[in-house]
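Since the structure of chain A is already known, use the hints to place chain B on it.
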Amino acid sequence: MAIINLEKHSIRYELAGPEDNVPLVFVNGLTQAAHLWGAYVPQFVEKGYRVLTFDMLGQGESDKPVLSSDFDRQARTMTALIEALRLERPFVAGISFGGAVALRYAILFPDSLRGLVAMGAFSELNGRLKWIGGNLYRGLASVGTEYLQNWFMPFNFSGKWLEDNAGAIPAMIRRGYALNDQYALQNMMEAVSNCPSFSHELPTIRVPTLILNGEYDYITHRGLHDILRAGITRSRLVIIQHACHAFTLECPDVTIRLIDDFMGKVLRDEWPGDQTTWVANDDPLADPLYLPVLGDPLRAIQAAPVSGEPSVGAPRGRKPARGGLEKEEE
Amino acid sequence: MIVDTKTGDRLGRIILERDTQTRISCFLIGIKQVNVCVLSRIEFQPMAWEPFALLHGQLCRELELIGLLQRVTDWSMNPTVYVRAGLSNMQHLGDLHFIRFLLMPVAMDTQLYRYLALTHALYAHMRFIPLLPLDIPLEHRFLVFLQTLETIHGQQMQAQMTLLQKLPVPLSDEERERIIGEEGRRVREVFRRFAEEIVGD
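These protein sequence lines are chains A and B, in that order.
Our numbering puts the first sequence at residues 44 to 373.
Our numbering puts the second sequence at residues 252 to 452.
Pulled out of the complex, with its shape left as it was, chain A reads as follows:
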């Protein structure tokens, strides 16, 4: 762990891997801290990368401003950190809040990165995300940090993961409680709510981009990722099966494989970047890595075409779902 002073603020960071390796920067989600990339760092170092993890302004052991902060300030601090550490054109991978910071970084400093991985990210707040953010902020302000942590659990993780890890969750929450300060979280959340849409700036991102989205991500839903896919010309959207918002924690093996595959293809100049949508193979060891999508990826369920008659085997007393229903998120 090291501390560096940048623009009057101290930032805690960790840098692992030999100096001549290709740099890779991970950017945390809202309540995360650098240590939560613990499963990723040794694997990517072993794969030949130099990995930077850090606590953003407002997080963990970095400085925590009280007055409003915004994504651009975070992106500027990040670029100051990258420059201070002399990391040349890194890959940048961010999740959720950090995904938005990574997007802003790619927009503000388009020549400073080699490739972008946007995970559970967003470039605008639609009506639903605005309400989610507003309620979370009110909950944090009027109840407290623990409420926010508890609220996130069922949206970050699948039921199975929560059941399998029931014994470890209290310690996880306690550690997060100790690392996070309520005022700093509020400040960061204000950055989200005050952020104007920057979807119209997405086409300025020219670097190869991998967009990852959990199948059951009900915080940053598929539609927001589809906006990224449509706006970033050299992108691909990949959906991670059975995962929720925090798939980097729940499915590290699948995520590591996807990021590694992406970076390898970029370095070999083989990244298709064709703005298509795919589903990740659930098995991190099996081939192929990408599976095609059947049906409309923006829908949560695929309805059979309207036939006029109940289909054979349909439950009694129910009519089959109609085609052409409004898309869930629209």
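To be clear, the hints were calculated from the coordinates, so they are not data collected in a lab.
Heads up, a few of these hints could be off.
[Stated by the list, open to error] Stretch by stretch, here's where chain B covers chain A in the computed footprint (C-beta under 8 angstroms, at least three residues): (1) 109 to 116; (2) 184 to 198; (3) 219 to 227.
[Stated by the list, open to error] Taking lysine-lysine and the DSBU-like style, the derived pairs with C-alpha atoms no more than 30 angstroms apart in a straight line are: (4) B:417 x A:173; (5) A:203 x A:51; (6) A:173 x A:203; (7) A:51 x B:417; (8) A:51 x B:257; (9) B:283 x B:257; (10) B:417 x B:283.
[To be verified] Simulated restraints on C-beta separations: (11) A:349 x B:304: 57 to 65 angstroms; (12) B:354 x A:131: 51 to 59 angstroms; (13) B:315 x A:243: 44 to 52 angstroms; (14) B:322 x A:122: 51 to 59 angstroms; (15) A:202 x B:294: 48 to 56 angstroms; (16) A:44 x B:322: 37 to 45 angstroms; (17) B:294 x A:129: 50 to 58 angstroms; (18) B:391 x A:296: 52 to 60 angstroms; (19) B:304 x A:129: 38 to 46 angstroms; (20) A:53 x B:301: 31 to 39 angstroms; (21) A:78 x B:301: 40 to 48 angstroms.
Where a beta carbon is used, it is the ideal one built from N, C-alpha and C, also for glycine.
This is chain B only, laid out in the frame that chain A set:
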């Protein structure tokens, strides 16, 4: 972290001892008593102004928390602990520069802004639970209360957060950040010294 792991471990071992509970409660009550005096002056101004609306509830809450701290603490039977606590409080309150606000004219000015920055820092940074090792259960009533206190402080500081952003005083954003930073550092330093002091005693 405000203190190192070694200090945190030691604090974890002694935090439920009567002497330690007494020292912590005296420290918190001492700060809250001064704050209540300042808040009373804001409370009884013969005018309607925004800080009153936001800080009125804080006076009541601080009084309530002092009462609850008195109830929840297993008080020490050792008189020297109180002597030590009294001397320590005088030192820390002096270091916080808290007393100056008892005499300030109550007006919408930089001095009021600095008071808000100081009380924000007190609510934000004086957190005992993060100092403790993660494996210490928080079921004892004193620890339950300390955690509840952090939650209540989080709710109370909403007034400070609103006013620090919006109080109509002639301060640039940079000056506001500077004042908040100064008071934050002052509080963290006092809190660190207090934590090391009770561990070292």
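Here's how the hints hold up against the structure:
1. 109 to 116: holds (count 3)
2. 184 to 198: As far as the segment 184 to 198 of chain A goes, the hint holds, because 6 residues have Cβ atoms under 8 angstroms from chain B.
3. 219 to 227: holds (count 6)
4. B:417 x A:173: Distance ~23 angstroms between residue 417 of chain B and residue 173 of chain A Cα, so the pair holds.
5. A:203 x A:51: violated (44 angstroms)
6. A:173 x A:203: Roughly 28 angstroms separates the two Cα atoms, so the pair holds.
7. A:51 x B:417: Judged against 30 angstroms, a Cα distance of about 23 angstroms means the pair holds.
8. A:51 x B:257: Satisfied, since the Cα-Cα distance of roughly 29 angstroms is no more than 30 angstroms.
9. B:283 x B:257: holds (29 angstroms)
10. B:417 x B:283: Answer holds: residue 417 of chain B to residue 283 of chain B is near 25 angstroms, not above 30 angstroms.
11. A:349 x B:304: 57 to 65 angstroms: holds (59 angstroms)
12. B:354 x A:131: 51 to 59 angstroms: holds (57 angstroms)
13. B:315 x A:243: 44 to 52 angstroms: Holds, since residue 315 of chain B and residue 243 of chain A (Cβ atoms, about 51 angstroms apart) stay within the stated range.
14. B:322 x A:122: 51 to 59 angstroms: holds (52 angstroms)
15. A:202 x B:294: 48 to 56 angstroms: holds (50 angstroms)
16. A:44 x B:322: 37 to 45 angstroms: Holds: the Cβ-Cβ distance is about 41 angstroms, inside 37 to 45 angstroms.
17. B:294 x A:129: 50 to 58 angstroms: holds (56 angstroms)
18. B:391 x A:296: 52 to 60 angstroms: Given a distance of about 40 angstroms, which is not inside 52 to 60 angstroms, the answer is violated.
19. B:304 x A:129: 38 to 46 angstroms: Given range 38 to 46 angstroms: violated, Cβ gap about 52 angstroms.
20. A:53 x B:301: 31 to 39 angstroms: Holds: the Cβ-Cβ distance is about 34 angstroms, inside 31 to 39 angstroms.
21. A:78 x B:301: 40 to 48 angstroms: holds (41 angstroms)
Hint compliance for this structure: hints 5, 18, 19 are broken, all remaining hints hold.
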